[in-house]
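**Student:** Listed below, chain by chain, are the residues.
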Amino acid sequence: MLRPSRRDFLKLAGLASGAAALSGLAPGSTFGETKLPNVIILVFDAMSARNLSLYGYKRQTTPNFEKFAQRASLYHNHHSGGNYTSPGTATLLTGTYPWTNRAFNIGGLIERGRVDHNIFTAFGDEYHRLVYSQNLLPNYFFGQFDKDLETILPPSAFSVIAQVTGEKIGGDLEGGYRAYDNFLFQDGAPPASVVFGLADRILLRSREARANYEAYPRGLPRAGDHPIFFQLADVFDGLNATLEELRSPYLAYLHLWAPHSPYKPTWEFDNKFLDNFRPERKPDHRLGEHTLNSKINGRRQNYDEYVANVDAEFGRLVESLEARGVLDQSYLIVTSDHGESFERGVEGHVTKLLYEPLTHIPLMISAPGQQDRRDIYSPTNHVDLLPTLLHLAGKPAPDWTEGRLLPGLGGSEDLERPIFTIEAKANRAYAPLTTATVAMVRGAYKLIYYTGYEKEDTFELYDLQNDYEELNDLYVHQPALAKPLEEELIETLNSANARYPKV
Amino acid sequence: MDISSRIPSRDKLLPVYAVIVLMVYSWTILWFYYKLPGWLGFLNVGEVFGIFAYSMTTNFLESLAVLAGITLLSMVLPRKWFSDAFVARGAALAILGLGLMMYIAKQFETKEYYPAELIRWAPAILVAILAFVFLLGRVTLARKGFEVFADRAIIFLYISIPISLLSLITVLIRVIV
Numbered sequence: 001m002l003r004p005s006r007r008d009f010l011k012l013a014g015l016a017s018g019a020a021a022l023s024g025l026a027p028g029s030t031f032g033e034t035k036l037p038n039v040i041i042l043v044f045d046a047m048s049a050r051n052l053s054l055y056g057y058k059r060q061t062t063p064n065f066e067k068f069a070q071r072a073s074l075y076h077n078h079h080s081g082g083n084y085t086s087p088g089t090a091t092l093l094t095g096t097y098p099w100t101n102r103a104f105n106i107g108g109l110i111e112r113g114r115v116d117h118n119i120f121t122a123f124g125d126e127y128h129r130l131v132y133s134q135n136l137l138p139n140y141f142f143g144q145f146d147k148d149l150e151t152i153l154p155p156s157a158f159s160v161i162a163q164v165t166g167e168k169i170g171g172d173l174e175g176g177y178r179a180y181d182n183f184l185f186q187d188g189a190p191p192a193s194v195v196f197g198l199a200d201r202i203l204l205r206s207r208e209a210r211a212n213y214e215a216y217p218r219g220l221p222r223a224g225d226h227p228i229f230f231q232l233a234d235v236f237d238g239l240n241a242t243l244e245e246l247r248s249p250y251l252a253y254l255h256l257w258a259p260h261s262p263y264k265p266t267w268e269f270d271n272k273f274l275d276n277f278r279p280e281r282k283p284d285h286r287l288g289e290h291t292l293n294s295k296i297n298g299r300r301q302n303y304d305e306y307v308a309n310v311d312a313e314f315g316r317l318v319e320s321l322e323a324r325g326v327l328d329q330s331y332l333i334v335t336s337d338h339g340e341s342f343e344r345g346v347e348g349h350v351t352k353l354l355y356e357p358l359t360h361i362p363l364m365i366s367a368p369g370q371q372d373r374r375d376i377y378s379p380t381n382h383v384d385l386l387p388t389l390l391h392l393a394g395k396p397a398p399d400w401t402e403g404r405l406l407p408g409l410g411g412s413e414d415l416e417r418p419i420f421t422i423e424a425k426a427n428r429a430y431a432p433l434t435t436a437t438v439a440m441v442r443g444a445y446k447l448i449y450y451t452g453y454e455k456e457d458t459f460e461l462y463d464l465q466n467d468y469e470e471l472n473d474l475y476v477h478q479p480a481l482a483k484p485l486e487e488e489l490i491e492t493l494n495s496a497n498a499r500y501p502k503v
Numbered sequence: 001m002d003i004s005s006r007i008p009s010r011d012k013l014l015p016v017y018a019v020i021v022l023m024v025y026s027w028t029i030l031w032f033y034y035k036l037p038g039w040l041g042f043l044n045v046g047e048v049f050g051i052f053a054y055s056m057t058t059n060f061l062e063s064l065a066v067l068a069g070i071t072l073l074s075m076v077l078p079r080k081w082f083s084d085a086f087v088a089r090g091a092a093l094a095i096l097g098l099g100l101m102m103y104i105a106k107q108f109e110t111k112e113y114y115p116a117e118l119i120r121w122a123p124a125i126l127v128a129i130l131a132f133v134f135l136l137g138r139v140t141l142a143r144k145g146f147e148v149f150a151d152r153a154i155i156f157l158y159i160s161i162p163i164s165l166l167s168l169i170t171v172l173i174r175v176i177v
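Chains A and B are the protein sequences, given in the same order. Counted the way the numbering used here counts, the first sequence spans residues 1 to 503. Counted the way the numbering used here counts, the second sequence spans residues 1 to 177.
Do not take every clue at face value.
What the hints assert, rightly or not - Keeping only pairs whose Cα atoms sit at most 30 Å apart, straight-line, the calculated DSSO-like set for lysine-lysine is: (1) B:K111 to B:K12; (2) B:K35 to B:K106; (3) A:K295 to B:K80; (4) B:K111 to A:K168; (5) B:K106 to A:K168; (6) A:K502 to A:K455; (7) A:K168 to A:K147; (8) B:K106 to A:K455; (9) B:K111 to A:K502.
What the hints assert, rightly or not - Partial list, derived from the structure: chain B residues whose beta carbon lies under 7 Å from chain A: (10) S9; (11) W31; (12) T58; (13) L96; (14) G99.
To be verified - Which chain B residues stay away from chain A? Per the calculated CB distances, all over 12 Å, these: (15) S5; (16) I51; (17) M101; (18) V127; (19) A131; (20) F132.
Please keep in mind that the hints were generated in silico from the structure rather than gathered at the bench. Beta carbons: idealized from backbone N, C-alpha and C, even for Gly.
Kindly generate the complete structure, drawing on both the sequences and the hints.
**Tutor:** What follows is the structure, given as structure tokens:
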């Protein structure tokens, strides 16, 4: 594992700041006023940094990511805004934390009064703004943002089989997805429409049964409960072709389902990691799901194989973009919306927990024509992407964002800056957060706050520099260290809650 | 033969349609109430009403489709088999046929499970239901019972039709505006 010492950490952080100041990456230096850079945001759903060899994972899951990192800024301590898609994506797209944008419920929406506070509106119409997500949850946001989007690719694009009804309701995407795909024709639960919904389910299953599974030993990858079956290669090829046809400058938000479960790699990657790797066993968390460790390790292997499959396709995409000169004109951002857990009795990410596998996500940003690697170690968060990308496009950061310019791309290192990840799906969007988990990373330390689950609120404190696996809880033993962090976290949460009346 | 002469009169269609409405709308409204508490946590009243409008519009189209199917069956089958006791047989077919569909729909609890055996047998079960419906029309007491029930169900049309039309207008406005 890559575990820099505190001295290395500080040294590298300083170097990164200096490099940024001297680099030619500032807006306007690479591009004149007449030529704006393209911005491509590539989001891999549920990709944890902790399972990528790029970040020191033992299994060689991401050789192509590592190759790409040689020409990119690599953020080693980047965190999501939440532990699943709605808050994770909303944080990225709005530059605000879930307690501000309020998209923390499953299928939740950006607070209606803040809908214009998003990256697409902020970029403006001089950019062609295109969005695509195989995951339906971000499509709810796209429905909210649609007046500032030139192209909304349907979630079924590039799929083998798809029966997404909401995407056909062009004038009311958000309502269409919610009414049909999340209710009347929903899969994973009895359809609420007994005639058309049932017919839709039977047709889907019959098409699924007839589909060609040859390349996939465990069946075609599917976008979770959504009726979308796809082949990874088709999706990457489709996105590649889409980018080729876009007029510059463009802002493309491309959100792929993979490597989200179900983990279904092709033959080439299936059983690739039949090895003796046994991750450190961690005790089940009392708020976890208590899944058997043997099952968790098996699923981790499947996940790692699927990540390797995604990595190979990513390598193919980058080669093509490079050959066509797209990377010379574009910022390519590679990241995820949240992580994935294979520890403490929790498999997946639908959980109350906020340990690093769930919140530590990859972030690589390749500037146009960049040929060198930069490593950034200071804590960063998805809230930072919006102001940073606007800055790179020569636009000012709006005053409503809670993010900062990323170090190395216009921002400076601030090791003492707190960043937050919030899990609050049990709360009402219009009320204060009372049943929630909040993680705050400040410098090397991470404080996790559990409130509303049990009789008493609890805290955990970890030193991420010296305790990479978060095994040694310092909260009780180091009160002098914990107290100020605790006060800061509570004060920030109270401040966020103050906007909402108690019900 | 003039095929239009075999279309049941409005007086006969309405009670059958009322039974269909009762079945189709009830199923959706049941699930709607199941989901409602969750939605109220993050959707506003207008957004929840939007889902309701889509649901009622879909139910309206579904109920018309089922009525069309039953009417077509009555036109195709010999009069003695179906048309002679259209209200009772239509109502019974709606209850049993839609009941079967509800049972099958209930099996789709997870995306992994597919009730293949049940669906394979569904056409045979439907034929058995048709046979039952035919026999039922010949039993006076049962026929009367279904006719009375269907007649009473018409009351629901006074609620469902205005709601459906309002919902249809709402959906059109949402999609167009």
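**Student:** Could you run down the list of hints and mark each one as holding or not?
**Tutor:** Going down the list of hints, with the structure as the test:
As the CA atoms of K111 of chain B and K12 of chain B are separated by approximately 40 Å, the hinted pair breaks the 30 Å bound. Distance check on the hinted pair: K35 of chain B and K106 of chain B sit about 16 Å apart at the alpha-carbon level, within 30 Å; holds. Only pairs whose Cα atoms come within 30 Å are accepted, and K295 of chain A paired with K80 of chain B is rejected, the gap being roughly 62 Å. Our distance criterion of 30 Å between C-alpha atoms is met by K111 of chain B and K168 of chain A, whose separation comes to about 22 Å.
In summary, the hint linking K106 of chain B to K168 of chain A is supported, as the alpha carbons are separated by about 26 Å, within the 30 Å threshold. The straight-line distance between the Cα atoms of K502 of chain A and K455 of chain A is roughly 19 Å, inside the 30 Å bound, and the hint therefore holds. Restraint check for K168 of chain A and K147 of chain A: the C-alpha separation of about 17 Å stays at or below 30 Å, so the hint holds. As the CA atoms of K106 of chain B and K455 of chain A are separated by approximately 38 Å, the hinted pair breaks the 30 Å bound.
For the given pair, K111 of chain B sits about 38 Å from K502 of chain A by alpha-carbon distance, which is inconsistent with the 30 Å threshold. For S9 of chain B, the interface hint is violated, since its Cβ never comes within 7 Å of a Cβ in chain A; the closest pair sits about 25 Å apart. A distance limit of 7 Å between C-beta atoms decides the matter here; for W31 of chain B the minimum to chain A is near 4 Å, and the interface restraint holds. Satisfaction of the interface hint for T58 of chain B is found here, the shortest Cβ-Cβ separation to chain A being roughly 5 Å, below the 7 Å cut-off.
Because the beta carbon of L96 of chain B sits about 13 Å from the nearest beta carbon in chain A, more than 7 Å, this interface hint is broken. Against a cut-off of 7 Å between C-beta atoms, the interface hint on G99 of chain B is violated, since the closest Cβ of chain A lies about 10 Å away. Listed as outside the interface, S5 of chain B is consistent with that label: its C-beta sits roughly 28 Å from the nearest C-beta of chain A, beyond the 12 Å cut-off. For I51 of chain B, the condition that its CB be more than 12 Å from all CB atoms of chain A is violated, with the nearest at approximately 5 Å.
With a cut of 12 Å on Cβ distances, M101 of chain B falls inside the contact zone with chain A, its closest approach being about 5 Å. The beta carbon of V127 of chain B is kept farther than 12 Å from every beta carbon of chain A, the shortest such distance being approximately 18 Å. A cut-off of 12 Å between C-beta atoms confirms that A131 of chain B is not in contact with chain A; the least separation is 22 Å. No beta-carbon of chain A is positioned within 12 Å of the beta-carbon of F132 of chain B; the least distance is around 20 Å.
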